[in-house]
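Visitor: Chain by chain, the residues run as shown.
2 protein chains.
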Amino acid sequence: MPSEGFVTSITRQSEDFPGWYNDVVRKAELADYSPVRGCMVIRPYGFAIWESMQGELDRHIKRTGHSNVYFPLFVPKSLLEKEAEHVEGFNPQVAWVTHAGGKKLEEWLAIRPTSEAIIAETVKDWIQSYRDLPLLMNSWNNVVRWELRTRLFLRTTEFLWQEAHTFHATREEAEEEVATGLDCYDRVARDWLAIPVIKGRKTDSEKFAGAEYTWCIEAMMRDGKALQAGTSHMLGQNFARAAGIEFLDRDNVRKPPYGTSWGFSTRMVGAVIMTHGDDSGLVLPPNLAPVQVVIVPIFRKDEERAAVAEAIDRFTAALASTPEGSAVRIKVDWTEESPGFKYNHWELRGVPFRLEIGPRDVAAGQGMLVRRVDRSKEAVPLEKLAAELPARLTAYQAELLKRAQDFRDSNTYQVDAYQQLKDGLDEKAGFYMAHWCGSEKCEKQASDEISATIRCIPFDSPKEKGKCVVCGAESGQRVVFARAY
Amino acid sequence: MPSEGFVTSITRQSEDFPGWYNDVVRKAELADYSPVRGCMVIRPYGFAIWESMQGELDRHIKRTGHSNVYFPLFVPKSLLEKEAEHVEGFNPQVAWVTHAGGKKLEEWLAIRPTSEAIIAETVKDWIQSYRDLPLLMNSWNNVVRWELRTRLFLRTTEFLWQEAHTFHATREEAEEEVATGLDCYDRVARDWLAIPVIKGRKTDSEKFAGAEYTWCIEAMMRDGKALQAGTSHMLGQNFARAAGIEFLDRDNVRKPPYGTSWGFSTRMVGAVIMTHGDDSGLVLPPNLAPVQVVIVPIFRKDEERAAVAEAIDRFTAALASTPEGSAVRIKVDWTEESPGFKYNHWELRGVPFRLEIGPRDVAAGQGMLVRRVDRSKEAVPLEKLAAELPARLTAYQAELLKRAQDFRDSNTYQVDAYQQLKDGLDEKAGFYMAHWCGSEKCEKQASDEISATIRCIPFDSPKEKGKCVVCGAESGQRVVFARAY
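Sequences listed follow chains A and B, in order.
Quick note on our numbering: the first sequence kicks off at 195 and runs consecutively.
Quick note on our numbering: the second sequence kicks off at 195 and runs consecutively.
It is possible that some hints are incorrect.
Which copy? The list can't say, so a pair holds if one copy fits it or any two copies do.
To be verified - Cut-off 25 Å, straight-line C-alpha distance, at most; resulting in silico cross-link-like pairs (BS3-like, lysine-lysine):
hint, residue 1, residue 2
1, Lys221, Lys318
2, Lys525, Lys256
3, Lys525, Lys221
4, Lys657, Lys616
5, Lys525, Lys638
6, Lys256, Lys221
7, Lys297, Lys578
8, Lys271, Lys298
Hints listed in this document are in silico derivations from the structure and should not be mistaken for laboratory results.
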């Protein structure tokens with residue numbers, strides 16, 4: 195076991211945000227570097243968090259009519275090259291298998307950086323008629339993109355994700371599907387991860403390689419930087435044409451179907467850390483938390499221990515007597531460490547509530563409830579707490595979302611001049627809502643000169659006349675400029 | 195939609211078992227070949243079956259104290275080579291990444307054929323003291339083993355599996371863990387897949403490359419051949435020593451921990467098909483079945499349709515009124531195909547019960563219940579059926595297990611002479627219980643000459659004196675000889 199000193203030695207957020215992030219990931223034992231360059235090991239606590247968001251997203255994916263499937267890890271070189279923009283976008287990041295089974299391969303195999311190419315080629319045989327459409331599939335898998343600079347969860351050479359792939363008879367239907375995918379992400383982010391996001395459209399230069407357009411959700415981290423938190427792509431007929439997929443439509447004409455794809459990855463574990471965490475470590479929303487309540491027994495003598503244990507048993511039994519209560523994920527920490535060590539240990543891991551129960555509490559029939567997010571302490575009668583705990587967790591979940599929303603609002607600025615945008619970003623990271631004429635040239639200039647990227651063109655920003663913050667040309671809407679992960 | 199003729203054109207089991215298998219897998223849309231040699235695509239229905247067994251095994255894995263984790267897909271060549279037997283066993287089947295990110299790699303990376311090597315190297319830093327043990331981990335992932343001859347689900351170049359990896363302070367504890375792993379497999383096979391298995395120990399020549407010994411469960415397919423259905427390995431200190439893992443024990447001495455690993459893969463979908471299937475296709479145990487009951491409405495006129503629909507609604511509402519009933523997975527097939535087409539369609543897919551409801555049934559307040567396994571038909575009052583359905587599914591599950599057990603028993607023979615073993619196997623595949631002296635020479639002779647491999651040395655076979663069926667030397671126990679997948 196690491197010593198108490200080790201556990202508490204986290205870099206402060208205000209001093210060095212990336213250092214803080216790395217400390218939290220490693221000291222809360224979420225993930226670690228591996229012997230393979232750029233690849234991470236996801237440890238039990240980190241994986242439990244991923245499994246929770248995975249489970250929730252999987253429910254939304256199935257609720258909206260998609261079936262899970264599995265496609266090969268390998269994409270033959272000739273298939274990856276069929277869609278021109280796609281190969282241009284992904285080729286530089288591909289890892290290639292060239293030898294296998296003791297022989298040199300005749301054709302190199304890419305480790306999938308994403309599966310559009312292999313899927314289009316495969317479903318060619320499945321899609322014959324309009325009655326075979328829509329084809330709504332999803333796959334949970336691993337992909338590899340050779341990255342120069344990696345950061346645990348945020349950008350790793352191999353990562354885990356879900357990629358949905360769908361085919362439709364009409365453009366309209368495919369466009370609705372792009373929205374369905376984004377809506378699944380929006381709900382998981384908001385309701386499960388307590389992360390408020392902005393839904394919008396990526397600029398053309400930021401869209402997926404091979405897509406007609408890309409929609410996204412963008413979140414703000416506690417250092418004011420933006421994180422792309424899920425993308426949904428309208429592929430049009432691009433991949434279908436490249437693979438030669440055609441179906442016989444109701445009008446007896448053979449047509450290529452319209453495709454979409456959308457993905458959400460382990461990077462979202464990083465998003466949770468950076469949206470809610472503080473100088474003591476993780477702060478987890480209850481829906482996501484592997485442990486929602488940790489009970490720390492406090493005692494010195496054996497008879498105290500027995501009395502405390504009895505009180506804890508009574509409490510957990512009372513909790514388990516209702517359906518909502520029995521669903522609460524409780525951990526009683528009976529390890530031999532000191533109470534102080536345990537407080538740090540579970541604070542670092544972001545457990546929403548800590549319940550301290552000592553001999554005096556037992557006598558009073560109460561426990562000391564400490565909330566992770568604000569460290570507020572409250573002596574609560576245990577019987578009352580057993581009844582109220584599910585509702586308190588629900589309220590805490592809502593509070594975290596509200597807190598993140600308030601943080602984002604207070605770090606969102608409207609700017610109308612280029613210098614103002616530059617000075618703003620230099621002084622304080624955040625979302626800078628500014629007008630943009632729509633040209634790639636202005637976008638590139640802002641990116642090159644002041645590292646301000648256009649995160650998205652938000653769906654809900656009001657139509658408003660203005661002038662491009664870079665060139666001064668006409669603009670009808672503000673977009674989100676920010677520095678980003 | 196395929197025509198009715200297409201659906202029913204399955205090769206007969208008795209004529210060509212492998213042809214039958216392939217037809218079932220492809221026509222029930224479980225899996226398909228892919229554009230990548232030896233790799234398969236798992237389609238929605240096949241993946242739903244995999245997800246069900248995966249979910250059940252995951253519950254057992256967690257129940258026994260293991261946490262899910264993720265380790266990298268890549269194993270650097272130097273790490274794979276650290277354990278001598280391991281590399282010798284796996285090297286010929288490895289796929290190698292040699293180029294990535296536009297450059298030639300300095301060190302080749304193996305796509306994991308299994309993860310012992312990368313895990314041992316990683317956990318070196320995590321295991322410092324006896325207090326860090328046991329370390330009980332599991333990973334659901336994909337592995338690649340370059341196979342010359344592949345068959346959907348049974349042997350594919352890439353496959354999905356779970357690999358558990360554990361580390362322990364003592365040999366005893368590790369040996370108990372090997373049993374825990376095998377017990378999880380035994381329970382899933384028996385209780386979920388309705389597959390009776392023989393638990394036993396692999397001979398040394400069949401053990402995992404790098405293990406001290408391997409335990410396994412072996413199942414009999416309906417063609418009498420054996421299928422290895424899960425293995426659990428005692429790794430001893432082999433991988434720990436190779437990676438240099440040492441922990442400080444209670445006695446203040448630094449020691450390498452003992453390791454185990456155990457795996458269960460998508461090949462088990464193939465095992466289900468070949469354990470229960472018949473000439474009409476799949477036969478699924480209810481616990482595993484994505485659809486447990488398919489309701490086929492029968493009607494000609496619109497007013498008949500309305501009456502049938504109403505009866506179905508009443509039935510499903512009655513079913514949903516109890517907790518057990520609401521858990522039943524029902525599908526009402528309202529597609530425009532003929533009833534005959536639907537019968538074939540769902541029989542091919544192995545749905546346990548079919549409920550036909552037509553106008554005359556509505557008048558009589560009943561439905562026609564058809565059981566997939568024996569096609570028995572019974573007119574049952576719908577109200578009664580709603581109450582009884584959960585119990586009927588439970589009974590059907592037990593029946594399938596019993597049926598498979600009976601089949602295995604009636605295809606298991608005791609033989610005491612080599613010629614008898616050869617003639618037996620040539621005449622009728624099955625499990626041949628015969629004495630074996632324990633020598634690798636005799637094992638190899640039987641394998642080379644008559645394709646009879648020793649599937650395992652069963653744990654529950656009685657101690658009994660006899661003579662080796664190959665060489666005539668003393669033996670204390672019969673082993674399972676069989677031809678195998």
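Visitor: All hints are to be evaluated individually against the structure, with a verdict given for each.
Guide: Results of checking the hints against the structure:
| no. | hint | in the structure |
| --- | --- | --- |
| 1 | Lys221 x Lys318 | between (48 Å within a copy, 16 Å between copies) |
| 2 | Lys525 x Lys256 | between (31 Å within a copy, 15 Å between copies) |
| 3 | Lys525 x Lys221 | within (19 Å within a copy, 48 Å between copies) |
| 4 | Lys657 x Lys616 | within (24 Å within a copy, 84 Å between copies) |
| 5 | Lys525 x Lys638 | neither (51 Å within a copy, 54 Å between copies) |
| 6 | Lys256 x Lys221 | between (35 Å within a copy, 24 Å between copies) |
| 7 | Lys297 x Lys578 | neither (69 Å within a copy, 64 Å between copies) |
| 8 | Lys271 x Lys298 | both (15 Å within a copy, 16 Å between copies) |
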